[in-house]
Every structure is written in C-alpha cells, then in structure tokens.
Amino acid sequence: MMAEKTFSIHVNDRACKRCGICIAFCPKKVFSSENGKPVVTNLEACIKCKLCELRCPDYAIVVGGEENE
Amino acid sequence: MRKELEKYFRTEKLPHIWCPGCGHGILTGAVVRAIDNLKLDQGKICIVSGIGCSSRAPGYLNFNTLHTTHGRALAFATGIKLAKPELKVIVLTGDGDCAAIGGNHFIHACRRNIDITTVVFNNNIYGMTSGQYSPMTPQGAFATTAPYGNIDRSFDLCKLAQSAGATYVARGTVYHIPQLIKLIEKALLHKGFSLIDAISICPTYFGRKNKMSSPVRMMEFIKDACIPAKNAEKLTKEELAGKIVIGEFYEEFAPEYTEEYAKVIEKAREGK
Chain A
-3 MMAEKTFSIH VNDRACKRCG ICIAFCPKKV FSSENGKPVV TNLEACIKCK
47 LCELRCPDYA IVVGGEENE
Chain B
1365 MRKELEKYFR TEKLPHIWCP GCGHGILTGA VVRAIDNLKL DQGKICIVSG
1415 IGCSSRAPGY LNFNTLHTTH GRALAFATGI KLAKPELKVI VLTGDGDCAA
1465 IGGNHFIHAC RRNIDITTVV FNNNIYGMTS GQYSPMTPQG AFATTAPYGN
1515 IDRSFDLCKL AQSAGATYVA RGTVYHIPQL IKLIEKALLH KGFSLIDAIS
1565 ICPTYFGRKN KMSSPVRMME FIKDACIPAK NAEKLTKEEL AGKIVIGEFY
1615 EEFAPEYTEE YAKVIEKARE GK
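Chains A and B, in that order, give the protein sequences.
For the first sequence, our numbering begins at -3 and goes up steadily by one.
For the second sequence, our numbering begins at 1365 and goes up steadily by one.
Wrong hints could be hidden among the right ones.
Computed cross-link-like contacts, DSBU-like style, restricted to lysine-lysine with a CA-CA straight-line distance of at most 30 angstroms [stated by the list, open to error]:
(1) Lys46/A <-> Lys1631/B
(2) Lys24/A <-> Lys1377/B
(3) Lys1555/B <-> Lys44/A
(4) Lys13/A <-> Lys1555/B
(5) Lys1546/B <-> Lys13/A
For each label pair, taking beta carbons as the anchor points, the in silico distance ranges come out as [stated by the list, open to error]:
(6) Glu30/A <-> Thr1493/B: 27 to 37 angstroms
(7) Leu1446/B <-> Ile43/A: 21 to 31 angstroms
(8) Arg10/A <-> Pro1592/B: 34 to 44 angstroms
(9) Glu1603/B <-> Glu30/A: 27 to 37 angstroms
Every beta carbon over 10 angstroms from chain B, so not counted as near; a handful from chain A, in silico [unchecked claim]:
(10) Asn38
(11) Leu39
(12) Ile43
Think of the hints as simulated: they come from the structure by calculation, not from any bench.
Virtual Cβ for every residue (Gly too), placed ideally from N, Cα, C.
Please construct the entire structure, taking both the sequences and the accompanying hints into account.
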C-alpha cells in the first residue's frame, strides 16, 4: 500500500527576511509570527492557494510535500 | 525554493541583495514562473537589465543574461534581438531606468515594435541611490529629493507605451500575483513589443518617506488602490484619482521589426 503523501508548508529560515507578507496576507491565517518569523500554526486551514509562496520575495516558502523541496 | 524552479536561478548567489519585503523579489519570481509555465527553452532566452535595484534581477537568474548601462537595457536588447532573432529577449528594468534616463530608448523600442518583452519593476522611486523621486513618483508623494512633496506629474507608462507603438500593454502588481504571472505569460507569447508595468513596493525608501515603512502596509496600499481596467472604464477622472488601474490595456498584431529587417536584407541580396 502506498503511504499517504504528507502535506506541509516549508519555510526556509535561512532565506526568510521576516518581511511578514505571508503572515499578513494568508487568506486562512495559517501562519503566526514568532518575533517576525513565520511559523505554521494552522496547517489544517490551508487551502493550498500558494499565495504565500508566490508573494514571498525571498523564495523561502514551499507549499506541498517533501517532494517539492 | 520549489525544486522545479531551482534550475532558473543561480542559487549560489541567493539570498538576494534586496531589502526585506522588497517587491522586486516577488516580481523576479513571477517572471520565472511565467517562463516555467510556458516551458520556454531556457537556453534560448536572454534577459537584459540596466542599472538600479530592478536591474540586479538577471544576476540571480540562470539564463543568458546581460547587465548593461543606465537606461540602455532596451538599446542592448535591440542589438541582441537583431543579431539573434531566434532568442526570446526579456528586459527587466526599473521605473527610473526605463522612464527617465532610458525614456527615449523606451519610446523608440515601442515604435519599432521589436519583439522584446519589457517588465518594468515600478516601485515609484530610485531605491538604489537612496530614494530620489522618479518620473513614476506620484504627484504629492514624498521622496529624499522631494521633502515637501513631489510637484511633478507622473507618467502613465502604459498609455505612453501604447501611444508610442507598443503592441501589448498591461499592468499588474506584486499583490495580484497570479494575474501578473498570466499577464507576463501573455506578453512573452506576444510577437512584437510588449510592456508589463509591474507595480512593485519599496518599503525602505518610498514606504519610509510616505508613512508606509512596513512591507505589509505597502501591500495593503496596493490592494486598496487597485481597480481592474474593466471597472475603471465606468469611472470619471475624479473617481479614478489616486487609483491604480490594472489589467490588459492593449493588444495589436503589427509587423515585427526583426522580420521586416530580414526582408530588407533579402531584397538587398537580390539586388533589387
């Protein structure tokens, strides 16, 4: 049996410059701020619109499974 | 970064030099995604830039790239396209680079309808040199060189391009990114001169001078100020004041410059 593919949102801490755009404009409020750093705290709410990934100026976010990273 | 996009970047040069929340990173990502969506041949693309924050973009991109002199990206790009018409030539330029020092190159590239896609990273300011006003700084906005507010009127780059002869003209923003990617795709497929006026954000200089120093605040400003071209048609000039009209403005199919030039060569060879 195939294992179910894991869904995750990966934030690359090295690339992230803490601009806050992903946190502010996620339509489902998936991210929380930890001293400016985006932390995924509401993964179940994610609708995979990928706006966070598209709007990240530093290409630090990948929405999807490990196979995308 | 998403795995399938890595090949388009010189990843060893990242993270880029741009400030936290700089719209230019978002725009560069949009250009790359448009190229990826169209599955264009990476080796047949040449990306050219001038000088300024915007013009750092090709340095991070893994294509044939050329970083040229201030305002002259389109002049170099014209040369490249004429020498190798089979290349897809893309110019990434800024509002100062394109509309001020490069203004003449810009209107004449439009006029010739040469097959170049120009994406103007328009952040309404000279960011690299610390915030002088540009021809795209809105009237009344503040800049390092306009401490009492800018009295100059700004260009409407799209109208300028259209009246100069560009055959595909559209405007998008860093906030409305899925739409912007579609517009860039359309511009890349268009044969002739295409212009994308891509509204960017400069929280560091434009933002700080205009009470929007956070990237989030600047994005909110763009979100609130934008109005789709279709809706704008119904509004009066007064109602449109301060609004940013986005979407497609113009598309025309006209003879392309390098094709016309090839015909001249053929005629000359035949001795007619």
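Hint check:
1. Lys46/A <-> Lys1631/B: 53 angstroms, violated
2. Lys24/A <-> Lys1377/B: Violated. Lysine 24/A to lysine 1377/B sits at ~33 angstroms, over the 30 angstroms cutoff.
3. Lys1555/B <-> Lys44/A: Distance ~34 angstroms between lysine 1555/B and lysine 44/A Cα, so the pair is violated.
4. Lys13/A <-> Lys1555/B: It is violated: about 38 angstroms lies between the C-alpha atoms, which goes past 30 angstroms.
5. Lys1546/B <-> Lys13/A: 27 angstroms, holds
6. Glu30/A <-> Thr1493/B: 27 to 37 angstroms: 35 angstroms, holds
7. Leu1446/B <-> Ile43/A: 21 to 31 angstroms: About 47 angstroms separates the Cβ atoms of leucine 1446/B and isoleucine 43/A, which means 21 to 31 angstroms is violated.
8. Arg10/A <-> Pro1592/B: 34 to 44 angstroms: 38 angstroms, holds
9. Glu1603/B <-> Glu30/A: 27 to 37 angstroms: Taking Cβ atoms as reference, glutamate 1603/B and glutamate 30/A lie about 43 angstroms apart, which means the hint is violated.
10. Asn38: 18 angstroms, holds
11. Leu39: 18 angstroms, holds
12. Ile43: 14 angstroms, holds
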